[in-house]
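Once you've looked at the hints, dock chain Z against the given chain W.
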Amino acid sequence: MAGRNEHRAVVAGPGGNVPVTDGGTGGQAGALLADGGRHAGGFPAAFRQWWPYYAMMAPGLIFFFIWHYVPIWEAKMAFENVRIIPPNIWVGWKNFEVLFASPIFYQVLANTLIISGMKILFVFPVPIIVALLLNELRSGKLRGAVQSAIYLPHFLSWVVIAGVFIALLSPTDGAVNQIQTAMGFEPINYMTNTGTIRWVLVVSEIWRSAGWDSLLYLAAIFAIDPQLYEAAEMDGANRWQKIWHVTIPGIVPTIATLFILNMGMFLSADLNQVINMQNAVNASTIDIIDTYVYRMGLSTGEYALATAAGLFKAVIGMALVLISHFVSKRLTGKGVW
Amino acid sequence: MAGQSRRTPLERVEYVLIVSTLLLLVVFTLQPLLNLLALSLSDPSKVAGFSGLSIFPDGFSPDVWLLLLQHPNVQRGIFNSVWMTATSVCIGVFGTALMAWGMSRPGLPGRRVIFIMVLITIVFEPGIIPDYFLMKRLGLLNTPWSVIMYKAVSAWYLIILIRFFEEIPKELLKRPSWTGPIRSRPSSWSCCRWLSRRWPPSRCSTWCCTGTSSSGR
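Heads up: the protein sequence lines correspond to chains W and Z, in order. Residues 1 to 337 (our numbering) make up the first sequence, in order. Residues 1 to 217 (our numbering) make up the second sequence, in order.
Misleading hints may appear alongside valid ones.
Unchecked claim - Which residues of chain Z face chain W? A few of them, derived with a C-beta cut under 10 Å, are: (1) Thr29; (2) Gln31; (3) Leu98; (4) Ala100; (5) Lys151; (6) Ser154; (7) Leu158.
Derived by calculation from the structure, the hints in this document are not laboratory data. Beta carbons are placed, not taken as given, at the ideal position from N, Cα and C, and that holds for glycine.
Here chain W stands alone, though its shape is the one from the complex:
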């Protein structure tokens, strides 16, 4: 009987649902677990106490192992000569040497850096501005209406958005070129013009994500203590002073977090968007690492070379995330995790 009681208490204990003041054996178990899970009996004893939780985590852990860790292991093929009939042969850095010797790789790298740089410069601040503007609206109804309208494109896929932009930018019937012609300018075919296609990527990214991403900032703004605004008003702060001295400091942690996440994706530049906006004429200007990997790997069958390019991207991405994480932790006291 006593043994059963103890078992119960132990199983229930980890969930935090046994108060430490519970009498008898249960109380001891609760106290034991309260100090951060240090177990006298080592791992087997801990496992006996916690097994329901490990059982719950098992499906997720298996998923993580198969879908996140096996690919990391598979990535070793970047160092191999991939053959149709296994086994592959280990060739060391040869694939990377081939990659770094090919001019097309530098072309796609430059394209990726330019496009990502433009996106960080011109896309990243837009949701912040939108959130600040939305916050200034006094009528809740108006704010709701504006929000629902600008969230809409987030739910469209890039295939659809590419279609919308091809129609919007059409040199004959497109709205943009109609306005341009009415103002006396020559129509431009934005989708096939190598000078404008990168701007099309930037603008379509804003079109798609500015509204939705402003949601995160807006949530952060709403979490700011209203007393701060009242105090600022007492001191005679005007609208801009309140934004500058209360709102923006209040959302800096959110900005930092999202900036780090964006930095981590700096070499990604959105495969999905580019692949849908790409055509034979503009391909050289917006060919990014991801489209290069896709083309080399899945279309041409140069698996090892494509994996090497992907791995290069992954390592740079990792470095960027870690650097921005630690810099952010230094500056704002808050990283991503």
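Here is chain Z on its own, set in the frame of chain W:
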């Protein structure tokens, strides 16, 4: 509002500018969509040369939509999207929620190690070619399961959910221990009722498709 009486003409101009900027954004967002919708509902004979600025159909005919809905490829496409998304979300929510619950328990042995392992998958992604070979090895190529299972449980949602579960007040988890029978179970079930109140379906679906846990006011 207290501020109402103190508002200066300059502030009023500012407000008008703010509102008009936002309305311009709404027009910029909606006009291209409305234009295409109008185009699709226009009389087929008038589609060529349809102005890109117009948002009203020129003549009216639902022919294109009817044709689309009756097309077998479109029907199969819609059917596939729905069942594959639904299955993927179910599997993903099941795996993620259970794992997050376990990981949100303070004092779980190995919690930190598992958390770091999860973070590594965010920071380091080896790219699409290894994923392709994984699918090939699992025999999932050319099956819907390659789409359904692909990263159904992923680190972002897991971390968001862990944070969410950690916010649950400890008092709620203590309650079941007062009432005998539930005591011996892990406390997930006792929290379900509470969660279903705190986390309505709309939020759940938002989480499923976008990975955002924050909501507005």
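Comparing the hints with the structure gives:
no.: 1; hint: Thr29; result: 5 Å, holds
no.: 2; hint: Gln31; result: 7 Å, holds
no.: 3; hint: Leu98; result: 4 Å, holds
no.: 4; hint: Ala100; result: 8 Å, holds
no.: 5; hint: Lys151; result: 5 Å, holds
no.: 6; hint: Ser154; result: 8 Å, holds
no.: 7; hint: Leu158; result: 7 Å, holds
Violation of the numbered hints given earlier is absent; every hint is satisfied by the structure.
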